[in-house]
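Taken in sequence, the protein lines are chains A and B. Numbering follows my numbering, in which position 7 of the first sequence is assigned residue number 146; successive positions increment by one, without gaps. Numbering follows my numbering, in which position 58 of the second sequence is assigned residue number 62; successive positions increment by one, without gaps.
Simulated from the structure, these hints should not be mistaken for laboratory data. C-beta: ideal position from N, C-alpha, C; glycine also. One should not assume that every hint holds.
[Unchecked claim] Far from chain A by the CB rule (all over 10 Å, computed), these chain B residues:
no., residue
1, 8
2, 14
3, 32
4, 75
5, 103
6, 104
7, 107
8, 108
9, 116
10, 119
11, 143
[Claimed, not checked] Which residues of chain A face chain B? A few of them, derived with a C-beta cut under 8 Å, are:
no., residue
12, 140
13, 142
14, 143
15, 150
16, 165
17, 179
18, 183
19, 189
20, 193
21, 194
22, 202
23, 206
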Amino acid sequence: MLLTNIEEIPGKTIVEHYGLVTGSTVRAKHVGRDIMASLKNLVGGELKGYTELLEDSRKQARERMIAQARELGANAVVNIRFDTSSVAQGASELYVYGTAVRVE
Amino acid sequence: MDAYFSIFMNIGLPLLIIIIAVFTGSILEKRHFQSIEKREKEMSGIPVLNGKKYPGERPVEKAELVSGSVVISIDYFKKFLAGLRQIFGGEIKSYVSLVDRGRREAILRMKEKCRDADLIVNFRIKTSSISKGRKNKIGSVEVYAYGTAIKFK
Numbered sequence: 140m141l142l143t144n145i146e147e148i149p150g151k152t153i154v155e156h157y158g159l160v161t162g163s164t165v166r167a168k169h170v171g172r173d174i175m176a177s178l179k180n181l182v183g184g185e186l187k188g189y190t191e192l193l194e195d196s197r198k199q200a201r202e203r204m205i206a207q208a209r210e211l212g213a214n215a216v217v218n219i220r221f222d223t224s225s226v227a228q229g230a231s232e233l234y235v236y237g238t239a240v241r242v243e
Numbered sequence: 005m006d007a008y009f010s011i012f013m014n015i016g017l018p019l020l021i022i023i024i025a026v027f028t029g030s031i032l033e034k035r036h037f038q039s040i041e042k043r044e045k046e047m048s049g050i051p052v053l054n055g056k057k058y059p060g061e062r063p064v065e066k067a068e069l070v071s072g073s074v075v076i077s078i079d080y081f082k083k084f085l086a087g088l089r090q091i092f093g094g095e096i097k098s099y100v101s102l103v104d105r106g107r108r109e110a111i112l113r114m115k116e117k118c119r120d121a122d123l124i125v126n127f128r129i130k131t132s133s134i135s136k137g138r139k140n141k142i143g144s145v146e147v148y149a150y151g152t153a154i155k156f157k
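Next up, chain A with everything else stripped away, as it sits in the complex (with noise of 0.2 Å):
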């Protein structure tokens, strides 16, 4: 599967489009988690743990993007866009979307 954030794929062309795929998912971080980003919060620095779940559920979204388009029968997603909203105390909701097309 092919993926950009541009409306086409560099070197190939588009021959046919199937419309919108969205994935998406709302994560709540562990309270282990949240004490030892608290105590890092002391120093300052990186938060890894929030880091590895943020990366983490950017990467399910993005398969569940990837697996609506493969249903499709499409081998590819352009013009993906990002979006992160929090939806409630601790948790934060993450959106892929692109548009689902053939490429030859």
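Given chain A's structure and the hints, the job is docking chain B onto it.
Just chain B now, with coordinates in the frame of chain A:
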């Protein structure tokens, strides 16, 4: 003896925490900036464009989505200073450097995922606060950088 202990618990301990935070926090920040500068020099071979078009029509071998992200937090002492700053208004320098650190780190991580690419087009960067609604207990931001890495033939 009890009085001394309670004085220590109420004044001494927070003060000790602040002092530790000041030193380790600023040392860690300085070290992080040094590493960022070093890696930026290493990675300066990959130009990043935030437009969709790139100069020169050349055959493309590979195009793929690349991304990098980081969650970074401010130290206790700087957060305290920022709180003071909010009384008088003006620029909060400690948060400026925090966001700067986060953005540069995210861009570097994105570039490090595609070391063989020739350039990155349609670069986008997003900053969001992930601890919203928790009375800002943790002063942290998440930075997410993404773009399309292109490798020419």
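Hint compliance check: list the failing hint numbers for this structure, sorted ascending. Structure breaks hints 3, 4, 11, 12, 16, 22, 23.
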